[in-house]
Amino acid sequence: MQPLRVIPRASRVDGVKFGNAVAVCLLVLTGCTAPAVTTAGPVASPPAGAPSSSVATVPPTPTSGHAGPLLLPASDGGPMLWPIATTTDVGRNYYPGEGIRYGFVDSTGTLVVPARYEGYEYCRDAAGRVASLVVTRAGRNAEVLDLAGTRIRKVPTASAECGPVGTVLFTRQFGGSESGVWRDGIVEVATGKILVGLAPKRHIAVLDTDTIDVSEPAGDYFLNIRTGRRTPHEGTVGDAEWQAGAPGVPATATDGDPLMGFLGRDGSWVLAPRFDDATGFRAGHAIVSLDGERYTFIDTHFRQVGGAWTEIDPVAVDRGSDWEVVGYVVTGEAGTALLGADLRTVVPPGDARIGCDTDPGTGACSVSAPDGTESRALLPEGTLTVMPVGYSSLGRSFATDSVDTADGGTANSRILALPTGAIVVFDWLSSCRAVGTEWAVCEPNDSPVPPTVILDAEGRRTPFATIEQLADAVKGARGAYYRVTTGRHTGIVDEHGTWLYRQGRFTELED
Numbered sequence: 011m012q013p014l015r016v017i018p019r020a021s022r023v024d025g026v027k028f029g030n031a032v033a034v035c036l037l038v039l040t041g042c043t044a045p046a047v048t049t050a051g052p053v054a055s056p057p058a059g060a061p062s063s064s065v066a067t068v069p070p071t072p073t074s075g076h077a078g079p080l081l082l083p084a085s086d087g088g089p090m091l092w093p094i095a096t097t098t099d100v101g102r103n104y105y106p107g108e109g110i111r112y113g114f115v116d117s118t119g120t121l122v123v124p125a126r127y128e129g130y131e132y133c134r135d136a137a138g139r140v141a142s143l144v145v146t147r148a149g150r151n152a153e154v155l156d157l158a159g160t161r162i163r164k165v166p167t168a169s170a171e172c173g174p175v176g177t178v179l180f181t182r183q184f185g186g187s188e189s190g191v192w193r194d195g196i197v198e199v200a201t202g203k204i205l206v207g208l209a210p211k212r213h214i215a216v217l218d219t220d221t222i223d224v225s226e227p228a229g230d231y232f233l234n235i236r237t238g239r240r241t242p243h244e245g246t247v248g249d250a251e252w253q254a255g256a257p258g259v260p261a262t263a264t265d266g267d268p269l270m271g272f273l274g275r276d277g278s279w280v281l282a283p284r285f286d287d288a289t290g291f292r293a294g295h296a297i298v299s300l301d302g303e304r305y306t307f308i309d310t311h312f313r314q315v316g317g318a319w320t321e322i323d324p325v326a327v328d329r330g331s332d333w334e335v336v337g338y339v340v341t342g343e344a345g346t347a348l349l350g351a352d353l354r355t356v357v358p359p360g361d362a363r364i365g366c367d368t369d370p371g372t373g374a375c376s377v378s379a380p381d382g383t384e385s386r387a388l389l390p391e392g393t394l395t396v397m398p399v400g401y402s403s404l405g406r407s408f409a410t411d412s413v414d415t416a417d418g419g420t421a422n423s424r425i426l427a428l429p430t431g432a433i434v435v436f437d438w439l440s441s442c443r444a445v446g447t448e449w450a451v452c453e454p455n456d457s458p459v460p461p462t463v464i465l466d467a468e469g470r471r472t473p474f475a476t477i478e479q480l481a482d483a484v485k486g487a488r489g490a491y492y493r494v495t496t497g498r499h500t501g502i503v504d505e506h507g508t509w510l511y512r513q514g515r516f517t518e519l520e521d
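Numbering-wise (the working numbering), the sequence shown opens with residue 11 and increments by one.
Keep in mind that the hints are not guaranteed to be accurate.
[Unchecked claim] BS3-like mimics (lysine-lysine), calculated; alpha carbons at most 30 Å apart, straight line: (1) K485 <-> K164; (2) K164 <-> K203; (3) K203 <-> K485; (4) K164 <-> K211.
[As the list claims (entries may be wrong)] Simulated DEER-style distance windows between Cβ atoms: (5) G109 <-> V280: 46 to 56 Å; (6) D265 <-> E303: 24 to 34 Å; (7) D309 <-> E391: 15 to 25 Å; (8) P473 <-> L269: 49 to 59 Å; (9) G514 <-> V459: 35 to 45 Å.
If you are wondering where the hints come from, they were derived from the structure by calculation, not from laboratory data.
Just so you know, these numbers come straight off a predicted model, no measurement behind them.
From the three backbone atoms N, C-alpha and C, an ideal C-beta is built for every residue, glycine too.
Please take these sequences and the hints and turn them into a complete structure.
Structure, rendered in structure tokens:
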């Protein structure tokens, strides 16, 4: 765990992002069997496990029938483009090959953009709702699509990402992506007007819905792209965002001093450089390094709060438009603790082991006390619940056991669905993770032959090979849909596993 971890920016998909590798179970050749399942209603202390031959199998989630595309509105009932990942034949001439290409389904359940893009990013309006997409593919200039799937702008370069509202940041790289030589510009989507052109050594960082930071040999400055106002400053701004209510952004001085301070919107130092490292403000706090070995928090008045620690690890939940910080795992002389986003103590410092779900994050943390008691902490709620004996928390709906492996690691031999008490006993050691609040993905540890097992919150095995939660169009809304694959199909299901859109997984590239 890094002493100081920065929360990533909003989701952007580049290249291949297709859940987990699909493992194929060769039942005839290997005699693989499905994991056993037992159900007995909710249990306080489930048994340590039972042989797979002694328990019944729960029917899989009913997804076999598919009556055709269904409506796929965003949480506000409005339009949206949902990504579909397709395994595509991208070979040419005598060099066949496969790759992942993205197409898009609209809110009526209709495929409006065929599988042709290698990456995409949702761009949002001032309220945080998805308004358009930047899509990319090798050898072509990036494009901007509206939510009907229509191309509304062709970007000047192949590399691009969302800029301030209504704009796109485009980049031209020289000598390949690893050369470290590039130039940035800003284009207005509605008109195609270049607001900031490409220039030697001009680099741009997006700070908020209206503001960018421009770094170039003549000097650095903030630029409000609505008004055109430039605000020169004497700092070098890193990859930071200017969240609402933040008094400044972290920066180093341009004179080569490595210490970090905070620049205000007027370009002056609201806090002079004094820290070895610093993050941007999130949920009212920034994390700063005092001397490279101790870390603390500062509030929006730049007061040090929350104590000093040797490690601070933010716990974040993906809200689609951003990662929301819901708490922190901190370590110091007194041990490891769990804090809420407001720095209140959820688990006091001590010898407990604390691990929180990540990617995309559910706000659930497992807490293992020295006496063997296992608990689940939920953030931002700040609640702490003791788990059944023999199980540790996995996300919000599951718990797993922990088995030592020969290589010194741990694995899972069974999983408990907390809402129903259903216990799944694996015929092979697996590593399980939560996906959203409704699913668990368990992958075999040592062999590529047994299939990945995906369970719903009731503990039922599904026919899915991969599953990934899709971001909602509305800022802060929980995603209600999931992109899944089976051996033959790819598509979108709801939280119950019901197909809303389905198509073949494999296709030939159209162009």
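These are the hints, each one checked on the structure:
Restraint check for K485 and K164: satisfied, since their Cα atoms lie roughly 26 Å apart, inside the 30 Å limit. For the hint linking K164 to K203, the alpha-carbon distance of about 12 Å falls within 30 Å, and the restraint holds. In summary, the hint linking K203 to K485 is supported, as the alpha carbons are separated by about 28 Å, within the 30 Å threshold. The straight-line distance between the Cα atoms of K164 and K211 is roughly 24 Å, inside the 30 Å bound, and the hint therefore holds.
At roughly 47 Å, the beta-carbon separation of G109 and V280 lies within the given 46 to 56 Å, and the hint holds. Taken as a hint, the range 24 to 34 Å holds for the pair D265 and E303, whose Cβ atoms sit roughly 25 Å apart. Judged by the Cβ atoms, the range 15 to 25 Å given for D309 and E391 holds: they are separated by roughly 22 Å. Between P473 and L269 the CB atoms are about 56 Å apart, so this pair conforms to the stated range of 49 to 59 Å.
A hinted range of 35 to 45 Å for the beta carbons of G514 and V459 is inconsistent with their spacing of about 25 Å.
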